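Same order as they appear, the protein sequences are chains A and B.
Numbering-wise (the working numbering), the first sequence opens with residue 1 and increments by one.
Numbering-wise (the working numbering), the second sequence opens with residue 1 and increments by one.
Some hints here could point you the wrong way.
[To be verified] What follows is a list of derived Cβ distance ranges for each label pair: (1) A:A249 <-> B:V199: 51 to 59 Å; (2) A:A79 <-> B:R74: 26 to 34 Å; (3) B:R74 <-> A:H28: 51 to 59 Å; (4) B:E251 <-> A:A79: 52 to 60 Å; (5) A:R198 <-> B:L10: 43 to 51 Å.
Simulated from the structure, these hints should not be mistaken for lab results.
These numbers come from a predicted model, not from an experiment.
The C-beta atom is built at its ideal place from N, Cα and C for all residues, glycine as well.
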Amino acid sequence: MDLTGLPTVTPTDREAVVRCLREASAAHTRVLVVGGATQLDRGNPAAVDLVLSTRALDRVVAYEPAEMIAVVEAGCTAAALRDLLRPHGQEWPVDADDDATVGGLIATGAAVPRQLGVGPLRDSVLELECVSGDGRAIHTGGRTVKNVSGYGLPRLLVGSLGTLAVIVQAAVKLRPLAGARRTLVAAGGLPVALGWLRSVPLATAILVHGDTAELRLEGWADDVAAQTAWARACAPDAHVGDDAPFPQAAPWSHHPVVAEMSVAPSRLGAVLATAGCDAGGLVGVGAGWAGLEGAAALDRLRRRVESLGGALPVVRGPGGLGGTLPAPAIHRRIKAAFDPAGILAPGRFWGGL
Amino acid sequence: MAADPLTLGLYARDASIIEGGCALVVLPSSADEVQACVQVAAREGLAIVPRGSGTGLAGGAVPLGDALVIVTSRMTRVLDVRPEDRLAWVEPGVLNQDLADAVRPHGFTFAPDPSSQQASTVGGNVATNAGGPHCLLHGVTSGHVLALDLVLADGARVRLGSEGPLAPGYDLRGVVVGSEGTLGIVTAVCVRLTPLAPVVSTCLLAFPDPLAAARCVAACIAQGLVAAAMECMDQASVRAVEQYVHAGYPEDAGAVLLVELEGLAAGVAHAVAELGTIAGAHGATSMRVAADEEERGQLWKGRKHALGAVALYAPHYYLHDCVVPRTRLPELLADVYRIAAEHRLLVVNMFHAGDGNLHPLFVFDRGEEGVLERVLTASQEILERCVAAGGVVSGEHGIGLEKRDFLPLLFSAADLGAQACVRQAFDPDGRMNPHKVLPAGARCGDFAMARGDGDLAAAVRSLPAGTWI
Ligand SMILES: Cc1cc2nc3c(=O)[nH]c(=O)nc-3n(C[C@H](O)[C@H](O)[C@H](O)COP(=O)(O)OP(=O)(O)OC[C@H]3O[C@@H](n4cnc5c(N)ncnc54)[C@H](O)[C@@H]3O)c2cc1C
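Isolated chain A, as found in the complex (with noise of 0.2 Å):
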């Protein structure tokens, strides 16, 4: 999303939300917040006229280690966090762009390279401070691991794109850093990749993309050392990249359109051979990366992946989100009732909400 030209306003607490968002649903103002502006073609087109960004929220609100909870600021930097959780041995295991927002990244619920070892994004985001579109600060959730206090209403906010409230605060479960942090890359595509599925039991992540595998294996040193060990029984010829960042290559992102896919994770082969070379899947997950050259090729690939029942929404360059929004009525009203001038991002949210 191009945003040349628009005002930008920029609160450094949560009573100037409040306060911005009271002005904007009285004036009609359509607003779209935004963190690091790493994700913003995520979403159907949306005009707006006013940008809030978070940046100027990124205060540490509480960090106390034994705890393995962090509460920060929306607008705290993936960088910044895991400056502030590696002296302690511990992370928040989303994998995002450095300049990506907390804010942001629970606002756009990202895939998760790493997820089938450390779970979906969603399933560590215990609270939330949020401000409605007409001014209203919630507080959802609470800082204890379990939580059946109420509805699961940080559940709801994941994922939501800015189009009910703005997230102002989260408190994220975390984890500790693995000792041993090993990628092996080998050759062999599909098969080898599946044969890790069934012989490395606790593989942190599987991917695939084009003829290459890789297996990210995190733990205790032995525990790496046995697996890999089984991984080469598969893939003899794998290399191995100790402390190597996980994913190794990204083929995908040289193209001028990036799309999400998700799909039942049988289902991955159908969808990376449509795809074509510059795919990217996470086995045992099914989600995974396509770039693609434009209308066309999305269209094609978005039809398959939606036939499969899966979804398949742009992350970068034009092409929206795609989808057919379930119970569409409970959908209108839970927007009307937190954003009830429609100002955030007005069409940005599936089925153009």
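Chain A is fixed; fit chain B with the ligand onto it per the hints.
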């Protein structure tokens, strides 16, 4: 369908201390039949109470007044097990244990393992976002539900979530999990399957007192020891368990900790050693590692039967559920014992220590004059202490009727208003399990309710007409 007094009496309560009453009970055997029942209720303007096995502890399945109770206990088919997709579709009446048993031959399990797993349904687990010992590592039910089919109050059917990691729209699947039957009736669940751990080691540690055990748990979390489960039982629980199932717990210990570590052989051995070091530094007097599957089963049998075993002490119980930040666990546990003593009550503690999830269990004889009042007052003080320490009022049992008037301890009127809006979006006429979860004053669009103080005794007294405790 049943309307005879005996059946109606049977379905008038769950495993909480709250008793209601209903007009009609139906036991449909398919989603189509559920839909037909809901349509009749919609036409007649009847309230609907979804119900699984009735093991809920917060009164969520307790019907009030002219309600139609829809019981899922005849919907027990495992529809589809798909190891290649790491998922299974099941009907809501399938028992938690039966699901685990059905997927084990494929090398998988259903990770949420409430102590009630032999009796509670998957539908009930979804509706309460149930937890269990192994949720420490694998997370609670919400992380294990990929999709679900729901019959809404107006009879419409929707599928929420997806077999893949992402579904179009807001995460309504995630909102239905933990909604205690107030958004619709779950008629099918797509659960995520978790691979069975290659190596499991179960350790029993003895401590001189429960506070030492709690400090050990906090230290393990702080030092990044990743355990699959960390369960604490105090001496009163241990003694009851030993009389009841002979699990082999040391009866002279002030408390025991049951810790399970899973992974690969080397890593588990490292973790067991690390656990030993941390426990030693926190006063553990012994540590036993189960030698085989049988011993392991025996140790877990003790934990899973602890609640039943406590009946030894007195005929009635009131089981609490609240969560605190894990560093505050020792302090809160001390408060629980102090509060019980101040009210001259016997309290037994057996809880999911690794998650900071306390389960103070008051054991009493209702025949004793004024005892229930004392139990309720003590319960309220415990909840207030938990909230003051940064905790929440329920970790896994839910709010139901029991704790709805305590939500204002955690949420402002606007917060509760937002929750009421979401509920109304699913059920505009308010016929789906009415009176549950949200306090009476919480309304969508009207945020008049002030942040008030909960009062359990008053709250229970103010329960809608027709309920008894
Ligand atoms: C001895 C004992 C031990 C327990 N241990 C644990 C534990 O370790 N962890 C834990 O989390 N809980 C525990 N519980 C509480 C209880 O077992 C759980 O809450 C369980 O998930 C309830 O399942 P159920 O089938 O009995 O549901 P019910 O009690 O019948 O119903 C519970 C709630 O779910 C709703 N509901 C049920 N089925 C559906 C459906 N198909 N669609 C929509 N709503 C529905 C009901 O309306 C109600 O609000 C324990 C209870 C007992 C008695």
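Hints, verified against the model:
1. Checked against the given bound of 51 to 59 Å, the beta carbons of A:A249 and B:V199, roughly 33 Å apart, lie outside it.
2. The hinted window of 26 to 34 Å between A:A79 and B:R74 is violated, with their beta carbons roughly 54 Å apart.
3. A beta carbon spacing of about 53 Å between B:R74 and A:H28 agrees with the range 51 to 59 Å that was offered as a hint.
4. The hinted window of 52 to 60 Å between B:E251 and A:A79 holds, with their beta carbons roughly 54 Å apart.
5. With their beta carbons about 47 Å apart, A:R198 and B:L10 fall inside the hinted range of 43 to 51 Å.
Violated hints for the displayed structure, listed by number in ascending order: 1 and 2.
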